[in-house]
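Engineer: The primary structure of each chain is shown beneath.
2 protein chains.
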Amino acid sequence: MPFATIAELSKYDGQTLTLRGWLYNRRSSGKIQFLQVRDGSGIVQAVLVLKEVGEEMFRRVEAIPQESSITVTGSVRADARSPGGYELGASDVQLVAAAQPYPIALQAHGVGFLMEQRHLWLRSRKPHATLRVRAEVVRAVRDFLDGRGFVLVDAPILTPAACEGTTTLFGLDYFDEGKAFLSQSGQLYMEAGAMAFGKVYCFGPTFRAEKSKTRRHLTEFWMVEPEIAYGTLDDVMSLAEEFISFIVQRVLERRKEELKILERDTKPLEKIQPPFPKLSYDDAVKILNETRAAQNPPIPPFGGGDFGAPDETTLSLRHEKPVMVHRYPISVKAFYMKRDPAAPDKALCVDVLAPEGVGEIIGGGQREDDLALLEGRIAEHQLPKEAFEWYLDLRRYGSVPHAGFGLGIERTVAWICGTEHVRECIPFPRMMYRIYP
Amino acid sequence: MPFATIAELSKYDGQTLTLRGWLYNRRSSGKIQFLQVRDGSGIVQAVLVLKEVGEEMFRRVEAIPQESSITVTGSVRADARSPGGYELGASDVQLVAAAQPYPIALQAHGVGFLMEQRHLWLRSRKPHATLRVRAEVVRAVRDFLDGRGFVLVDAPILTPAACEGTTTLFGLDYFDEGKAFLSQSGQLYMEAGAMAFGKVYCFGPTFRAEKSKTRRHLTEFWMVEPEIAYGTLDDVMSLAEEFISFIVQRVLERRKEELKILERDTKPLEKIQPPFPKLSYDDAVKILNETRAAQNPPIPPFGGGDFGAPDETTLSLRHEKPVMVHRYPISVKAFYMKRDPAAPDKALCVDVLAPEGVGEIIGGGQREDDLALLEGRIAEHQLPKEAFEWYLDLRRYGSVPHAGFGLGIERTVAWICGTEHVRECIPFPRMMYRIYP
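Residue numbers (this note's numbering), protein chains in the order written: chain C, 1 to 437; chain U, 438 to 874.
Careful, some of the hints might be misleading.
[Unchecked claim] Covered by chain U, according to a simulated footprint, are these stretches of chain C (three or more residues, beta-carbon under 8 Å): (1) 67-80; (2) 130-136; (3) 142-156; (4) 175-186; (5) 390-397.
[Said to hold, decoys possible] List of simulated lysine to any residue pairs, SDA-like, C-alpha gap at most 20 Å: (6) C:Lys213 / U:Asp613; (7) C:Lys211 / U:Leu609; (8) C:Lys267 / C:Leu252.
In short, the hints are calculated from the structure, not lab data.
Only a predicted model underlies this, so the values are computations on that prediction, with no experimental measurement involved.
Note that CB positions come from ideal geometry on N, CA and C, so glycine has one too.
Same shape as in the complex, but just chain C (with noise of 0.2 Å):
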């Protein structure tokens, strides 16, 4: 008798066979059970009826509690109710270790408690589809890149300097070699695999110390970033708009089962397909201040700088698609963006901004290539010059235009599921006041 899995079910219509898991639910009418079985790869309903099975093992399998796990044989049948469009006719069913009292019931639980039962809540069916379409996005990301000639360059986590500041940063000590930080992003290590492969990525986890509470931030989050040597602000436009359609879309393609699961309404993501709106600073300034004129009573208009969470959002929510906004003013950005040759007070810059509301999912750019001008920005920006010297290194060796952009899986993961709250896009968030299990 083979032990199959329940996502392989169709291949043995009509024959016996024995599948191995857990036992996720069951509805009993005293003489007939079916018990929702679980197995990782998808949950079938096994139908055990008395008058088949005798009295002994229906009353033992009555009181196999919720959680165990259990070895099920029985016969294939497909049955059109089903999820899967299968059903199992059990002929024996096996305790392989009985469960304490699980602590997850099946109805709603609030999100703290949940979050101290991760290891536990990832069984349940939601937090497994979203974790599933988590996996299918990386698959994507990969696929898309290693499909476009990008190789992958991995950055390292523990470097000797900040990319952008160090107020948000984890600092240990390294042995004799003084503080090392975890990396808040690989791209200063991309550009120099650019210089080195012409197109590559850097895909893994990076971490911010922010002492931030929102529904929008983890303190460790994985971000993909492509950088290309040759490259400019429209090349990687172009890029992220494709990058983004082609993830959505093949979420769609392969994960409808977790979409229905987590309830998604999935007409707006069909639409995801280039060209994005395009929106400059300037223009998304006017849009947000008419906006703002417009409240009773008004809101005082905006007054430069970034854009913040509620601004974001009022942008994202005008559109359909993401919306591309480039062009911030410099003086708001990272030391190592180009300036506009067409207007120097504008850094060659583009954050996109998903819809529905969910904000920033991928930030880049152009990267100042011009030596001289670098280091003047590194000492405006007043950081250690000698912590630099090998990425000024890259303008000092043939240096070229070049730029890239960071996406962040998790907020693309919560935008794609429909999620309200980060945290539960990634298997074992981390947040300022979570760090179990």
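Guided by the hints, dock chain U onto chain C, whose structure is given.
Structural biologist: Just chain U now, kept in the frame of chain C:
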């Protein structure tokens, strides 16, 4: 005129196009210059003939320093002597940015110096080839596991407790939550994942603060860790040999050019197919002791415990394929290892030693799935039980036999590439004395 990459030159035979890249090297006869141009996707020879381009351009190009960024326009022509099969008859060369005198000459430098220049050294032929093999290994890992129904469940890097003792951990302050540690292994989290998804893996950077300066050690390295619910030691031993064979054959198939650049003899790699030789720990000790006794003067017999690097080398050099050493004494292994019911002083574990003296590339085995036995082991190892409550929950709620392993990526790349030191097998290595660039 289209821009093209060197990798795709064969598509443009006979056509005129422009390449964007860097000047890797140059030979000149006074009347002809042979420019080695690289663009990250490959290296091509561009031939510049004085008579064809004229005195002015010829002299200008002659003055361009090594590693300057240049664009080269010319016609693509087949040339059997060229590595890629094509060369470029150059009609125009434009300087993008002149390089300062380049610190890396094409002849030999010491590795210490080169590592200090790692951001530039990536451009040289051998590091470039090694890291392309690394990217292929990563791709192969994901293709293998994704293709067999494993779900990616990324493990957290910031963890509240140690997996295998705290002496080799990097610690840091985590807001008001006390100390956090950088993960040494995602395994415990993968056990939770396996109970939810059946078959899972994590694949990310892991950290060991080892004061070790051997050629096999990095403080930051990438590891892939599959874990299987209802899996046994035998299951993961089979999986490991299929997995390693798949990776090696994939690299042989897709990275021929790179292995040639690395002067790797590929014959030993062609033999890497299941089954692999298997050896119990006790038999391995017998072999080591016979080897020791045969020395002149004889070396005292093996004292028990874990093998050291020289022992691993002795064992691995006896075989053409990786050798799988199983069932080590439980006393030398981590607290979560399951005892062998047939020999309670042994653990159901396996180490895979790569051939050619590279040492351990896989460690894994079956996990203790009995709550009381696991609690006993945690007490024996004097670990703080409260930190492992969530891990113990996996035995309280539907415990099942389960097993998995971890494969170290950089050691695997070192073996496949025939590279002596793992530090050359990661883009930006981190070692006890190295955190720059």
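Engineer: Does each hint hold? Answer for all of them.
Structural biologist: How the hints compare with the structure:
1. 67-80: Held - the region 67-80 of chain C has 3 residues with a Cβ nearer than 8 Å to chain U, which meets the minimum of three.
2. 130-136: Holds, because 4 residues of the region 130-136 of chain C bring their Cβ atoms closer than 8 Å to Cβ atoms of chain U.
3. 142-156: holds (count 9)
4. 175-186: Satisfied; 5 residues make the cut.
5. 390-397: holds (count 7)
6. C:Lys213 / U:Asp613: Satisfied, since the Cα-Cα distance of roughly 14 Å is no more than 20 Å.
7. C:Lys211 / U:Leu609: holds (16 Å)
8. C:Lys267 / C:Leu252: holds (10 Å)
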